Amino acid sequence: MSEKLMVKGTEAIGESAIRAGCRHYFGYPITPQSELTEYMARRLPKIGGVFLQAESEVAVVNMLYGVSCVGKRVMTSTSSPGFSLMQEGISYMACAELPAVFVNVMRGGPGLGDIQPAQGDYFQATKGGGHGDYRMIVLAPSTLQEAVDLTYISFDIAEKYRNPVLILADGMIGQMMEPVEFPEFVDVEKLKEPDWILNGADGRDPRRITSFDIDPHNLEKIILHLMEKYRKAEENEKRWEDFMVDDAEYLFVAYGTMARILKTVVKLARKEGIKVGLIRPITLWPFPYERIEEMAERVGFILAVEMSTGQMVEDVRLAVKGKTEVLFYGRPGGVIPSPFEVLEVLKKYVKKVRV
Amino acid sequence: MKTTVKGRGYIEIDQQRCKGCGLCINVCPHELIKFSTKFNSKGYHPAEFDDPEGLCPPCGFCYRVCPDTAITVFRIVG
Amino acid sequence: MKNAEKLKAVVFLKRPESLTDKEFTYCPGCHHGIVHRLVAEVIDELKIRERTILVAPVGCSVFAYEFFNVDGTVAPHGRAPAVATGMKRARPDLVVFTYQGDGDLAAIGTSEIIHAANRGERITVIFINNAVYGMTGGQMAPTTLIGMKTTTSPYGRDEKRDGYPIHIPEMLKEFKGVAFLARTTVSDPVEVIRTKNAIKKAFLAQINDLGLGLVEVLSACPTGWGMDPVEATRWVKEVFSKEYKTGVFVDKVK
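Protein chains in written order, with our numbering: chain A, 176 to 530; chain B, 6 to 83; chain C, 842 to 1095.
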């Protein structure tokens, strides 16, 4: 029987991970997600789990690498500057086909930036923040309930594709409190151990887990195998939300907290006679290009709104293929656009089009 | 079993595995190992065991310093 | 000439079980091969092969797992102690060892080894110090001696520009989490046995749940140093070990 509780976003994600069967967490304090690290420090030892605060995010991602090698569900959480430090390890894990769940609670950047919510890590998350030909499957919750639900399935997705998975949230989601319903506990004992893990060459040949092959033709084969997995993910894992799009004459595209704010803008705009809708990508990779392209054929323009200088908008332009105008509005640096501010921008563009 | 062995031990050096580094030659207390005049498939002059007097104890020093596990050491019992 | 019928040859010393048959890809005279064999001998003697995991470094021994009959992986440069930490914390019943060079451990990996040592991680670290970056062609490393010429210190290491050689065991010996710490060489048959004994204790530090075990082995890099193997081995004895004193720094294994 699942309970409904009033929780902070960071802690909700932690509890959801535990319910998904994650008993190993390695982390490092960084605003605005330290409560997730602290939550795991309190919770895991009480249920026979493993918590360790590592010396750096570089160490954290490598500890995840090790835990994944021996076949246990493992996660970490960090924020933008810390996530930058993890890119090397993520690249290695993707090539070595090691599953794990990462949470990036985005803050203003680049650099040390600030500690306010932002969406400036989209490129890093979806275009490969680390080196080489790989992808992360990127899940972007918009509410705390969605953060709980996406975290809960992220471990299955990571194991299905043997690839790192990223929950891309922002400081707003991390810090706000909302009532959520937690899912049932996965029985950790019943989790099947994969047949590729390193657990001792007892009565079998030794196994190797590596991201290195000195023969380029072999490495090419490995990478093409990764690409095949990513192709399957593109077929099966795209998720998005349609919000008031059926009669929409204009379209917003946004994700995460920004999308939540835009739902208010949509309602306000419709009160003023502007039929605008919203497509909210939930998977940022794989990105729902086709859905946006469909909508592009029906609307006067698409306005992408992000808490950045415009990163997801490039994927929107790719999706649209020139079928309609793609516009952008955003505020970087941790500034959160207000619904009224965005409404004014929308009205300005609508006026231009109607003229 | 080499009936020509006079002493209490002998060694076999894998001629293809040996890289002719010379560490065993340098360390044998009785100077029973020398570089072969032949080349092996890697292009090295491998080390060769030659013990006409049967002096090999065997002490195992050559085995200890060989970086390629090219040497197997035998003891004669009986 | 002994009576031929009564005589029998028995194997006295041969390649240990914990090594595969694959020929080492190291240079002639490289001490990696000696240490690999000693680690394998210890794993055989402690009977832990079936539950041992190896974390290889970035360096000449990046393919170390090809040579050992154990499960293995390769970590990003310097990160092996962190990877090993993750493995050991998740599966404390496994025996986890890292095998690292001086560039890997003493340059990019200093944070990881210090904190693994400080936490007393139950892992074993085999640290091969050859005073240069071997794999990439013999560049200066944190362990290069003052005045030593390498491809990135062509005029000799100058302490004003490059600082001093780093002594890892001297640094780590104050950490309470360390259970065994030693520096040895393999430059003669007696030293080889000392190294083997040290490696055994470094594994026992883990198996007996005492703390981190690390053995630094001063090793020859004939190719990197521009010397032949015998000359390089002599250099370890006569020059290298004057800067880096061999000995046991911490021994809680006894």
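Simulated from the structure, these hints should not be mistaken for lab results. Fair warning: this is a prediction, and the values are worked out from it, not measured in the lab. Cβ atoms here follow ideal geometry from the backbone N, Cα and C, with glycine treated the same way. Honestly, I wouldn't trust all of these hints.
[To be verified] A short, non-exhaustive set of chain B residues, derived as facing chain C with CB atoms under 7 angstroms:
#1 S46
#2 F54
#3 P72
#4 V82
Comparing the hints with the structure gives:
Checking S46(B) against chain C: minimum C-beta separation of about 11 angstroms lies over 7 angstroms; hint violated. At a threshold of 7 angstroms, the smallest CB-CB gap from F54(B) to chain C is about 14 angstroms, leaving the interface hint violated. Restraint check, P72(B) versus chain C: the minimum CB separation of about 3 angstroms is within 7 angstroms; hint holds. A cut of 7 angstroms between beta carbons decides the hint on V82(B): the least distance to chain C is about 5 angstroms, and the hint holds.
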